[in-house]
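Protein chains: 2
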Amino acid sequence: MSRGGPTLYITGLGLSPRNITTEALEVMRLVDVVFLETYTSKGPVEFMNYLRSIRNDLILVSREDLENRNGDVIMRELERGHDAALLVFGDPMIATTHAAIAVIAKRHGFNVKIVNSVSIVCALLSQLGLSPYKLGSIATVTYPRMGVLSTRAYDVLGDNLKRGLHTILLLDIRDDEGFMSANEAVDILRRLEEERKLGIVNERLLVIYVARLGWVDHRIVVSTVNNVPDIGDTPHTIVIPGLLNPVEVDYLVHVLNASKDFVDNHQRFIHSLTVENK
Amino acid sequence: MSRGGPTLYITGLGLSPRNITTEALEVMRLVDVVFLETYTSKGPVEFMNYLRSIRNDLILVSREDLENRNGDVIMRELERGHDAALLVFGDPMIATTHAAIAVIAKRHGFNVKIVNSVSIVCALLSQLGLSPYKLGSIATVTYPRMGVLSTRAYDVLGDNLKRGLHTILLLDIRDDEGFMSANEAVDILRRLEEERKLGIVNERLLVIYVARLGWVDHRIVVSTVNNVPDIGDTPHTIVIPGLLNPVEVDYLVHVLNASKDFVDNHQRFIHSLTVENK
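Top line first, the protein sequences correspond to chains U and P.
Position one of the first sequence corresponds to residue 1 (my numbering), numbered consecutively onward.
Position one of the second sequence corresponds to residue 279 (my numbering), numbered consecutively onward.
Please keep in mind that the hints were generated in silico from the structure rather than gathered at the bench.
No experiment lies behind these values; they were computed from the predicted model shown.
Treat the hints with caution; some may be incorrect.
One side of the interface only, derived from the structure: several residues of chain U facing chain P at Cβ under 7 Å [stated by the list, open to error]:
| # | residue |
| --- | --- |
| 1 | Thr21 |
| 2 | Pro92 |
| 3 | Ile114 |
| 4 | Ala123 |
Once the Cα atoms are required to be at most 27 Å apart in a straight line, the calculated DSS-like pairs of lysine-lysine come out as [to be verified]:
| # | chain 1 | residue 1 | chain 2 | residue 2 |
| --- | --- | --- | --- | --- |
| 5 | P | Lys391 | U | Lys260 |
| 6 | U | Lys134 | P | Lys391 |
| 7 | P | Lys440 | P | Lys412 |
| 8 | U | Lys197 | P | Lys391 |
| 9 | U | Lys113 | P | Lys412 |
| 10 | P | Lys384 | U | Lys260 |
| 11 | P | Lys320 | U | Lys113 |
| 12 | U | Lys134 | P | Lys440 |
| 13 | U | Lys106 | P | Lys538 |
| 14 | U | Lys162 | U | Lys260 |
| 15 | U | Lys113 | U | Lys42 |
| 16 | P | Lys440 | U | Lys162 |
| 17 | U | Lys113 | U | Lys162 |
| 18 | U | Lys134 | P | Lys538 |
| 19 | P | Lys538 | P | Lys440 |
| 20 | P | Lys412 | U | Lys106 |
| 21 | P | Lys475 | P | Lys412 |
| 22 | U | Lys113 | U | Lys134 |
| 23 | U | Lys134 | P | Lys384 |
| 24 | U | Lys162 | P | Lys412 |
| 25 | P | Lys391 | P | Lys320 |
| 26 | P | Lys412 | U | Lys42 |
| 27 | P | Lys320 | U | Lys42 |
| 28 | P | Lys538 | P | Lys412 |
| 29 | U | Lys162 | U | Lys42 |
| 30 | U | Lys197 | U | Lys162 |
| 31 | P | Lys391 | U | Lys42 |
| 32 | U | Lys134 | P | Lys320 |
Using N, Cα and C, we set each Cβ at its ideal position, and we do this for glycine too.
Sequences and hints are given; from them, build the entire structure.
Structure, rendered in structure tokens:
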């Protein structure tokens with residue numbers, strides 16, 4: 001496939017087999033060796049089965065392989081003159097690991113190509129009818145590490161709300177590879193509210209709960225932090241809108257079935273936060 | 279394809295035929311009528327030819343059709359009991375128009391499905407090795423309208439830089455459907471600098487110029503505002519990084535061939551802006 005030496009294709013898979021692009025399919029079919037990275041994100045069993053139906057010689061790579069051993073397992077194949085693909089769920093963008101592997105391959109003198117796919121970040125905005133121009137900083141709600149709970153997600157949410165911006169909260173993955181649920185994430189946000197007391201995580205806050213985005217059975221439910229809906233299997237994501245324009249309000253009410261009163265109340269709440277800020 | 283009444287599939291096409299997902303292909307092949315929206319974004323001739331090779335009965339829809347006539351041309355097909363697809367370049371997220379059409383279809387009692395694809399926003403971060411956690415607000419550099427030049431893109435850039443965040447500047451589309459070039463965008467940013475004098479658009483600012491992202495012949499060149507490189511055909515995009523972490527620096531230098539001195543100088547410049555801000 002490549003000209004002028006071996007190429008590493010860092011290849012996004014999207015959120016489900018339906019998101020796989022014609023380019024990703026071509027790469028998967030034509031390269032000599034295919035690796036799959038399964039620790040910065042994960043695919044449900046159906047996704048794994050789909051990938052194996054295309055390449056049954058798929059090699060799984062761990063955090064250990066990529067970070068502690070500098071991707072040696074991949075570099076060895078390139079050194080043998082083989083083209084290789086490193087498959088990644090979503091778009092290869094969220095994790096620093098992928099950029100680091102691209103740098104290592106380049107320093108070894110190999111070609112690197114990034115194959116884009118559907119990212120959770122853009123897919124969320126699209127499915128929720130939210131304007132990308134009002135997206136605030138993105139954060140991940142994380143489990144306590146060594147007994148310490150990071151306040152970053154809560155602080156980012158507070159900062160975005162005071163600016164009237166939308167917040168995407170991605171949820172952590174446990175070391176045993178389970179995904180954090182929306183319920184766990186809300187518990188953590190409530191604990192942080194008790195600690196930091198910005199007055200943002202309370203019953204007035206409108207929360208959009210999302211499960212299995214990109215799959216046919218995805219669920220999107222608008223609710224509060226006091227009433228976390230049952231949205232079924234993980235992966236889950238949480239989105240908290242800032243100030244909404246009229247089309248965003250209509251989309252929430254008519255397409256996502258949110259109650260108009262509830263949306264109006266949220267608007268007043270966010271407005272009070274942005275006014276305080278001025 | 280649909281159950282329980284006609285369905286409108288608002289379907290992203292990605293940035294080039296290589297980005298087309300298996301789901302988008304299925305929708306294009308199976309629905310009764312396929313519309314293509316060509317005014318919020320556009321596809322080069324090769325893209326149009328590719329789409330026509332799949333559906334030679336493709337119907338082009340204008341701003342007039344969707345905004346002034348409330349998508350009547352589409353609603354009529356749904357009323358006849360037909361499933362319809364509205365194809366959109368990129369991911370159907372940037373334009374308010376798409377959310378508005380979804381709301382209209384829902385209010386008429388039809389099903390709406392959003393089919394995600396590769397978005398310019400996420401694809402840029404991915405190709406440039408920039409962390410999505412440090413993405414600031416997104417803006418579009420626009421032509422003067424009725425003789426007035428909007429300062430929004432410049433103000434957003436200033437705000438992001440003072441916060442150390444990355445800025446994606448999308449470029450306008452003219453009414454005659456030509457794309458704004460990087461050269462034109464830089465001219466506009468310089469004019470705004472003269473007017474607003476935040477001291478941000480000057481020779482110390484590192485700018486990443488991108489052309490034809492998503493195509494095999496895409497170009498990515500790191501330079502300054504004083505030296506806009508020839509990056510070939512439009513569409514163009516401009517990305518201005520904020521404070522960079524070590525992997526982002528390595529990616530710029532080793533993968534995108536930026537000069538290390540130049541990157542270090544930019545870091546010092548942004549640092550000085552963020553310090554002033556504190």
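So which of the earlier hints does this model not fit?
-> The structure conflicts with hints 8, 17, 18, 22, 27 and 29, although it agrees with all the remaining ones.
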